[in-house]
Amino acid sequence: MRRLLPPVALLLIAFGVLQVASAPPAMAHPLGNFTVNRYSGIEVSGGAVAIRYVLDMAEIPAFQERSAIDTDGDEILSAAERGFWADREARLILSGLGLSVDDRPVDLSLACREMGLRPGQGGLSTLRMEAVYTGRLPAGRVRYVDANDPDRLGWREVTVRAFENASVSDSSVPSTSTSRELLRYPDDLLQSPLDVREATFSFAEGRTSGRPAPEPCGGEAALAEAPTAGGFAALVTWKLTPAVLLFSLLVAFLFGALHALGPGHGKTIMAAYLVGAGARLRHAVSVGIAVSLMHTASVLGLGLIALFASRLFPAEAVYPWLGLLTGAVVLGLGSFLLAGRLRARRAEGGARSDGPQSHPHPHPHPQPSDDAVETGDAAGGPISRRGLTALAVSGGLLPSPTALVVLLGAVALHRVAYGLSLVLAFSGGLAVALIIVGTLAVRARSFLSRRARSGLAPWLPVASAGVIVVAGTFLIIRATLQLG
Amino acid sequence: MRAAAPALTRPIVDGGSLAQLIADLQARLQAVPDDWESYASLGLAYVQQARITADSSYYPRAEAALERSLSLHASDNVSAMIGLGTLALARHEFDDALAWGERARDTNATVPPVYGVLGDALLELGRYPEAFEALQQMVDLRPDLSSYARASYARELQGDVGGALAIMRQAFQTAASRVDIAWTLHQLGDLYFNSGRLDLAEQEYRRAIAADETFVPAKAGLAKVLAARGHMDAAIDSYAEIVQTYPLPEYVIALADLYTVTGRTSEAEDQFALLEAEETLLRANGVNVDLEFALFSADHRIDLEAGLAAAEGEWARRKSVHVADALAWQLFAHGRFREALRMSEEALRLGTESALFLFHRGMIERALGNDDAARRDLARAIDINPHFSVLWAKDAADTLSGLRS
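So the protein lines, in turn, are chains L and R. If you use the working numbering, the first sequence corresponds to residues 1 to 484, in order. If you use the working numbering, the second sequence corresponds to residues 1001 to 1405, in order.
Be aware that a few hints might be false.
With the C-beta cut set under 8 Å, the calculated list includes, among others, these residues of chain R facing chain L [what the hints assert, rightly or not]: (1) Q1026; (2) V1032; (3) N1108; (4) H1231; (5) D1233; (6) A1234; (7) T1245; (8) P1249; (9) L1274; (10) A1277; (11) E1278; (12) V1287; (13) N1288.
Listing some non-contacts, in silico: residues in chain R with all C-beta distances to chain L over 12 Å [stated by the list, open to error]: (14) R1028; (15) T1107; (16) I1209; (17) E1267.
Just so you know, these hints were derived from the structure itself, not from any lab. Note that beta-carbon positions come from the ideal geometry of N, C-alpha and C, so glycine has one too.
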């Protein structure tokens, strides 16, 4: 048996590399090495339902899954392989879920999923997957059944919670999880595993102003993008021919562009900055290129960390910190701009009220400066180097998880050059999309300036700086929540 | 692997479902936290849970519950002593089990399960005369399922398969709960299978499933019958399904063996790796698996050094016929045929009608050039059960026809 150690040891190393460094030292799975545990958190709000599904596999079932995860059989569970497995498993789970209102089935679709390995007993790992399924939910008597893996031993739990504009009554299950969503099982000699596989409750759209429902998929960094990760990440496993190469680079380019248009990629900040700074087209181009360079560097950096130092800095732990840093830089940029532009506004306003003897200020500079570019920036002039850097950071520091998965997948398949090309193409798409957005912003600004010459236009730099401040604050809060 | 730990796999808790019993005990203890008797029963139920599910992490819980019981009530707490003895048996700590059994007997010599713990420990330690005496006392005290099942095993060890079958049928008469009925039917099935009667074995396994459709050992029994009849793919499907839900080492080994003989090497290696992981976990939870490992290692010629060391270590601790057989097979694998033969004689010292033991001795004798003895043993093995092993049955037949020509 022990002669089999080399592949197993390799596998354990692979598990180890992917482990979360802050996890506790090897503990037996609290519910036993053989269990597969399942939790469904049903969240209703308005006419919508989201089911937070958690799958927690103890050491042995996690070990049994490893050959299903390790599709290329190299005993290493690469990020791409884990992604494919999670996609397939999430869809498999969905097929075992039943949700109906007054006996009419409700369609659910996979919104996102995430999986990770944690150290378990005997040098083995346990596996945890989270998936979110969403659907439309009409009012009525709701019945939910989880028919997955009916024979396997384990903890099974279902909860139902109502959020904004929804009310739930007559529920057969509680609203909070005894196991904290399978994170903390009651450590009690006298507690047997829960075995709840279904729930019934009455649902009505209420006028109550309850807490708003949480975003189904939380922060983008926390959960990989399920619908796209499969398609794009799959590229790295394709057999390479010139046509495939060209095609896949094109697809990577398009995904990059799509990524730029997705939520929270400094798009808003960039647009606000460009509008406020009275930038020209070439500025939009340089900002787009800077962001995409930063993004490339960031993907490569995080990729290196994931490959060589993930024990110290696991990628999933680095993400919120990068988010925090991004937020801080954006907030700093916004505050600096806001302060400068407010001063400039006051100076301009004061100059006007001083009467005819006061000469019109040729430049909106509040005071002389040794750095013309810098002061021009603060007052709404053309773009500064520091501003450019801040924009690049805000848009590119937080790398797309998809791009990272592609890079790590390519490395695992020994296709480093190919992976790099895909990441570069991805960044190219990102740059082009951002340039287009920037151009639109600049055009919109000149349009606004012409229309409202005296009224709105002078306040535009201040307002845009305010937008940046708000965006920075938002990013910081979001990252703090992820860290907390 | 019935022969390795026979009476041990029988449900200790008669009647009702184990989960229900555990839930009742937990509720009782939440209301009455110092009820030492319930803690002892809970501990025993956890041992049982671990055995049914092969989830060794229940052992530490069982231990905690039993120790709690003992600390609440130290003197004359026979239940906790029996529980700790049973736990020690389950962890293959047979000296400890014997000590707990003796302590329990000294405390109260009229409780039948005391002799169950004593008898099981003595059997595993290879102290057969004392063991048979303890089991007889148990039957005399209370002729029930627990005592009959052990008496049946004692007959089987001594080569009296007919007697073993008859007593097991008596045990079946006393079985009341569904799981007990299924368990005794499954034991009957194994007795039939081990004596080569496939149709009867299949019939008993099917009856067991009819009694309790969740009774996995009987499903494994049917898979074993499929393999014996040469329906390898169907047998593989059955075992794969069982392993997907209940990956007990014995089922994993059976599946790995089937993959091996059908040439599906990489799938076999997956199962070997799983077995390795389970071995690690069993050891981490304080379970000694040296005997099982030694036999597996010799069968698959994997890690023979460690396998021999494990077998020798086990033989130093206890002199049971199963340990003797595993050590003999290991010594054979190392080419140490004379020592192997001596151990093989030890393995067959009770006259057990085991096709596997006889096959091992026959192969050793052939290696030593004792062709007549080899021919006799191999013929006897095939006569007892031509399907005794997925891995070796064909080798046995081929070697025998080679010796006859």
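Cross-check of the supplied hints:
no.	hint	result
1	Q1026	holds, 4 Å
2	V1032	violated, 11 Å
3	N1108	violated, 26 Å
4	H1231	violated, 23 Å
5	D1233	violated, 20 Å
6	A1234	violated, 20 Å
7	T1245	holds, 5 Å
8	P1249	violated, 10 Å
9	L1274	holds, 6 Å
10	A1277	holds, 5 Å
11	E1278	holds, 7 Å
12	V1287	violated, 12 Å
13	N1288	violated, 15 Å
14	R1028	violated, 9 Å
15	T1107	holds, 25 Å
16	I1209	holds, 14 Å
17	E1267	violated, 9 Å
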